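Colleague: Once you have looked at the hints, place chain U on chain C.
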Amino acid sequence: MAAQPTQPARAGDLHVMSPAGPARMGIELSRVAKSYGPVRAVCGIDLAVAPGQTVALLGPNGAGKTTTIDMILGLRRPDSGTILVLGASPAEAVRAGRVGGMLQDGSPPDFLKVRELVTLAASYYPHPLGVDDVLRLTGTAALADRWAAKLSGGQAQRVRFAAALVGDPDLLILDEPTAGIDVEGRREFWQALRAIAERGKTIVFATHFLEEADANADRIVLIARGQIVADGPATEIKAKAGSRTIRATLPGAGLAGLRALPGVQSADRHGDAITLSCSDTDAALGALLSSFPGTRDVEVRGASLEEAFLELTGDDNDDRDATGGPPCPGRQESR
Amino acid sequence: MTATTHAHPATHVHYEILRSLRNWRLLSLSLALPLVVFYTVAATNRHVVTDGISFPLFFMTAMAAYGGMWAAITPGGRISVDRSKGWIRQLRITPLRVRTEVVAKVLTAYLMVLPTLALLYLAGASLGVRLDAAQWFEITGLLLLGLAPFVAAGIAFGHLIPADATGIADAGFVVVLALLGGAFGRLFTAGIMLTIVKLLPSYWLVQAGKTVAGSGSWPAEGWIVVVVWTLCLTPLAAFACQRDTATG
Chain C
1 MAAQPTQPAR AGDLHVMSPA GPARMGIELS RVAKSYGPVR AVCGIDLAVA
51 PGQTVALLGP NGAGKTTTID MILGLRRPDS GTILVLGASP AEAVRAGRVG
101 GMLQDGSPPD FLKVRELVTL AASYYPHPLG VDDVLRLTGT AALADRWAAK
151 LSGGQAQRVR FAAALVGDPD LLILDEPTAG IDVEGRREFW QALRAIAERG
201 KTIVFATHFL EEADANADRI VLIARGQIVA DGPATEIKAK AGSRTIRATL
251 PGAGLAGLRA LPGVQSADRH GDAITLSCSD TDAALGALLS SFPGTRDVEV
301 RGASLEEAFL ELTGDDNDDR DATGGPPCPG RQESR
Chain U
1 MTATTHAHPA THVHYEILRS LRNWRLLSLS LALPLVVFYT VAATNRHVVT
51 DGISFPLFFM TAMAAYGGMW AAITPGGRIS VDRSKGWIRQ LRITPLRVRT
101 EVVAKVLTAY LMVLPTLALL YLAGASLGVR LDAAQWFEIT GLLLLGLAPF
151 VAAGIAFGHL IPADATGIAD AGFVVVLALL GGAFGRLFTA GIMLTIVKLL
201 PSYWLVQAGK TVAGSGSWPA EGWIVVVVWT LCLTPLAAFA CQRDTATG
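These protein sequence lines are chains C and U, in that order.
In terms of this note's numbering, the first sequence opens at residue 1 and continues consecutively.
In terms of this note's numbering, the second sequence opens at residue 1 and continues consecutively.
It is possible that part of the hints are untrue.
Said to hold, decoys possible - A short, non-exhaustive set of chain U residues, derived as facing chain C with CB atoms under 8 Å: (1) Gln-90; (2) Arg-99; (3) Gly-248.
Stated by the list, open to error - Simulated coverage check for chain C against chain U, where a stretch passes if three residues somewhere in it have a Cβ under 8 Å from a Cβ of chain U: (4) 78 to 84; (5) 88 to 100.
Read the hints as simulated data drawn from the structure, not as lab findings.
Quantities reported herein were computed from a predicted structural model and do not represent experimental measurements.
Here a beta-carbon is modelled for each residue, glycine too, at the ideal position from N, C-alpha and C.
Chain C with its partners taken away, still in its complex shape (with noise of 0.2 Å):
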């Protein structure tokens, strides 16, 4: 198998590059909006992906997550801006087979075995990875013989990331790939992906779950409401959504004296009650009741990274539009 013709497929690889080269062959999203009707799904979003990376799209339902990933891979057509994928425009990508995805709500197909479905998905890719492989770097070996179909929902997932990993795509894209599994099914289907993206795969997910963004990616890419609205490693927006607030009533006190207290970011009143948005909520506190001994009705919000989350998607407020959409708010400056 040394020089054999792969030259054609070379020049076929050629065809998709574009002149900005091999260093800016990432996805790179600019301005890019679409509507349903009334509904407006994405408002707006600009995203750079550098190859290699795994990035998370994490978001409440409904933010847009996958019309975005839908849009990425060429299923749905931009109302404006430009998409990008590898060069190329999102369809030529796919057709030149450098991209895998993994769509939301699909079970594989009847009447197969995970082999045979495995093998069919090789078949559609120029360069496909060996068959026996894939099974075995997505912990699937064991299922090969088995009816794809009549998989339980973990199996069933890393089945249908074995086929789209096996064509060798340069980008994975994988929508809410762990939706309805049990934690073990979760845990398994995350050390095969780990696996893939030490290959050097750039591979973006799509996630509601924190932990799962956490875990798993470089960097998060926070969507709310058709918008991105925190984007940075895991540990910045893991700081960001994971920090807590301590209210309290205390009567004339500084912000300024307040936001310099150990573990506090930012301090903000209204009246005599305080609130202190804080990193380490207990190096706060005690700060707070030895420097201001007139503090009264203290309450530590113990919230969770869930609710944390929440509150910074927005998705806590109730003001949805009552027809389904949300509106396309003008982007909020974080405090």
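Modeller: Using the frame of chain C, we list chain U on its own:
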């Protein structure tokens, strides 16, 4: 240019056929049932002459046509099941072309028809049906051509009708057309109803046995009916497929 021709459609076709061959519900309707009905009815009417030909020849053709209708329509109809499982959308994000999928469905439908014809011919021969090689060839050609509207209808239904209703649509289409076309015995021998059923492709499928025993080919009327049905249902199937796979 050549960048889009990497995929090997043969594997897709191969697995489409494999999936249909494993579908025992399809095989029971396209193969087992027609065969059982043929033997049950024809064995006790071996020496009867009906409509100018031997009953086994008439009924062999009728049951081959009836099973063939099921075999032709079902692979397309299964598109709706694949769609409900997200498989059609999943294929959209692979390099596989839509037209390859459609060609695979048509090939699968026809390949599923062949075992039905072969088994019914053997059953017919075992009950004394004797045709020369040219006649076997002619009857097969007429049946395959006459089944084209059913292949197209299957693909159209598969794309247009939700998964839980496609089976009913397929069954309704096949059973009504088979009954009216006379697959289980002629319902009409004269009058306006005969004129109407002569507009159905199923009538000409059932007539294929008598045709090869006589002139060897359908009259112009038969050809027109089959061609018009095919020409009407094929664009419908193409439209349905395009609508189902369009980018939203």
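Colleague: All hints, please: hold or fail.
Modeller: Hints, one by one, checked against the model:
1. Gln-90: holds (6 Å)
2. Arg-99: Since chain C brings no Cβ nearer than about 13 Å to Arg-99(U), farther than 8 Å, the hint is violated.
3. Gly-248: This hint holds: Gly-248(U) lies near chain C, its Cβ roughly 5 Å from the closest one there, short of 8 Å.
4. 78 to 84: Three-residue rule not met by the region 78 to 84 of chain C, so violated; n is 0.
5. 88 to 100: Three-residue rule met by the region 88 to 100 of chain C, so holds; n is 7.
In terms of the numbered hints stated before, the structure departs from hints 2, 4, listed from lowest to highest.
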